[in-house]
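Asks: Just so you know, the sequences run in chain order A and B. According to this note's numbering, the first sequence is numbered sequentially starting from 281. According to this note's numbering, the second sequence is numbered sequentially starting from 3.
The set of hints was computed from the structure by calculation and includes no laboratory data. Hints may be right or wrong, so weigh each one.
Straight-line C-alpha distance at most 25 Å; calculated DSS-like pairs for lysine-lysine [as the list claims (entries may be wrong)]:
1) Lys362/A <-> Lys113/B
2) Lys213/B <-> Lys362/A
3) Lys362/A <-> Lys392/A
4) Lys362/A <-> Lys391/A
5) Lys190/B <-> Lys213/B
6) Lys113/B <-> Lys190/B
7) Lys213/B <-> Lys391/A
8) Lys113/B <-> Lys213/B
9) Lys392/A <-> Lys213/B
Away from chain A, derived, C-beta distances all over 10 Å, residues of chain B [said to hold, decoys possible]:
10) Pro36
11) Val45
12) Val52
13) Ala128
14) Ala284
The structure displayed is predicted, hence computed values, not measured ones. Glycine included, each C-beta is placed from N, C-alpha and C at the ideal position.
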Amino acid sequence: MSADAIHEPGGIVLEDCRKRFGDTIAVDGVSFEIVPGEFFSMLGPSGCGKTTTLRMIAGFETPDSGRIWLGGRDVSRLAPQKRPVNMVFQAYGLFPHMTVAENVAFGLRIKKLPRAEIASRVAETMRTVRLEGMEDRHPGQLSGGQQQRVALGRALVNRPAALLLDEPLGALDLQLRKEMQLELKHLQERTDTTFIYVTHDQEEAMTMSDRIAVMRAGVVEQLGTPRELYATPATAFVAGFIGVSNLVTLRVDRRTEGIAAMDLGGGDRILAPDTDGARDELTITVRPEWIKLGADAGPRDSRVSGTVSDVVYLGSVTQVVVDLPTGERLTVHRLNDELGAIDPRPGQRVTLRWAADHSYVIGSGGASPTDGDADDEAATAPTGAAGAAQGRR
Amino acid sequence: MAAITTSADLERPKRERFRGARRRGGALGILLSPVGLLVVLFVLPMLIMVQMSFVEFPPNTDSGYTLDHYREVLTNDLNLKIAWRTVMIASISMAIMLAIALPLSYFMAFKAGRWELVLLLGLVLADELAPVVKVYAWQVILGRNGILNWLIPGEPIEWLLYSRFAVIVTLSTTYITYTTIPIYAAMKAIEPSMFEAAVDLGAGWWQQARKILLPLAAPGIFIAMILVYIPMLTDFVTSDIVGGTSSVMMGQRVRDLILQGGDWGAGSALNFLMLAASGILALVAYRLAKLNRIDA
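Same shape as in the complex, but just chain A (with noise of 0.2 Å):
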């Protein structure tokens, strides 16, 4: 992220921001920066503080303290009709007594450019969210992925240097919101604007994203890439609130070749990267995907006995949730890639296993990843173990 970007129109920055509604602290403190053309989402579960974060840029809400500068414009106190921003709001806020077209063209008409100018960019917008033969009907009588492209449109056709979007998918099913995911990052890549997304689904975060803010209780817990979010969380909130996650808390026994490990007894063990000399208790996280069943584990490999408590067919793979001694317990997610391979049933001891660099230490390098550069997804390499090791640098 070059320093010059940010000061250039769609770049945003927010310094330290904080608000609060009477005793609710909602935004305690959020500093991000976004470069022009990035798709930033901010994902958390409600009452994190994203929607609230999302108005103080839009300028519905002005922070207690802290600043919020567009585009290099310190915009904090700048009344929302006056800045270069545009929202889809999460209940659309589409005008019924309008048509499509004068929903299209409300903005552009506040401004008073020529007919002929707002005749052709409601065109060439109505085009681009693929709305084209609509222009006379009535909110009223559109679905609701018609509605939510007229959303679109009424905010991209005043041509805003960064478009919000409120959790602008949560009132369609799941088959259009798939669709509408995979059409919204399209339409932000033709657009070439900033899209700040909000949003408490990880997944429709990760699909779209270049990178997102986990937030929780008005705080960005972890700031990255979707694939850095994923494979080495900075804290256990964010461990489990982007995919499924296994916590596991390993008490250190012993220390070998830089790989600390906890002895169940039996030979069973788990092991992770030791990237921590100092403390005796690690807390680690183990995606499901990586956990193998059976027990011809290497010398590099954790393993770990137990019994099968759930076992979940879902179609592309199974998941088998597995109770340890220790009295936590593991998912463990099996790929259906084999014609008549057997799962586990309830009941059954099943010997568990995954190899040490699996095992992400968290914390461990959390910090550092997001301090490195938005584009730069080529650093962090595709497992927890080479994430862990990017961290250790």
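Fit chain B to the known structure of chain A by using the hints.
Replies: For chain B alone, coordinates are given in the frame of chain A:
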């Protein structure tokens, strides 16, 4: 004992059939009695008045039909003058009420928070007062020795009471509830995010009001106007009590023609002309409101 039970059991189906029939008859009776009341107390007198307006004067069993009453009413200068005055008084009162009701409705629907219910209740309670009591209250307030003249220093202002001013003030307060509630209801149905969307697209407060609030509240505004304007055109109590000779209205004129002049023909004709005018007014308003109705 057993025998009695059996006979009762045997009889039950028959009795239920009977009761069912009675129930059906009851439902019909419940439906018909108000309709009957309406016919006897409302439609019949109306028909009699329709006949009166067309029958030659004085009405006898052998008197023929004529349009003279309508011709006379429509060419009478006094009637036209009173009609014009009535329309003016009603229109000014309507304008005043809209000027109050629009911002008040907006405040109640979007800004009042927990005061919303209090204001709504206040409006309803204000309407619960008997209209005649309210009119007399204005007499006390506006009179020569009334509260307003007592508050305003100097010589008492004469034109406060028994004037068009008094009629307009009284009418405006009498019908404010019926003006506000439909507008409030229409505004309450507007999604607040629509205003945020308009702001986001650059609209200032006036553009929000003109392009979003008023078009969407239009059905409520038209309903309020029908609900209030027509009763004001026919009102005679208000003008009787707080009005003077310069504020005689159509309602009073009809009553005076019939009760004081005994001229049933002219009175009835004038009455039906007013009814027709009100009907046309309501129809126009309905059409306008329908044009602005949201396509769902």
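Asks: Hint by hint, note whether the structure agrees.
Replies: We went through each hint and held it up to the structure:
1. Lys362/A <-> Lys113/B: holds, 23 Å
2. Lys213/B <-> Lys362/A: holds, 19 Å
3. Lys362/A <-> Lys392/A: holds, 15 Å
4. Lys362/A <-> Lys391/A: holds, 11 Å
5. Lys190/B <-> Lys213/B: holds, 17 Å
6. Lys113/B <-> Lys190/B: Cα-Cα ~11 Å, so holds.
7. Lys213/B <-> Lys391/A: holds, 14 Å
8. Lys113/B <-> Lys213/B: Holds - the C-alpha atoms of Lys213/B and Lys113/B are around 19 Å apart, at most 25 Å.
9. Lys392/A <-> Lys213/B: holds, 14 Å
10. Pro36: holds, 37 Å
11. Val45: holds, 39 Å
12. Val52: With a cut-off of 10 Å, Val52/B remains clear of chain A, as the shortest Cβ separation is near 41 Å.
13. Ala128: The claim holds: Ala128/B sits with its nearest Cβ about 32 Å from chain A, beyond 10 Å.
14. Ala284: Non-interface label on Ala284/B holds, nearest chain A Cβ at 22 Å vs cutoff 10 Å.
Checked against the numbered hints given earlier, this structure breaks none of them.
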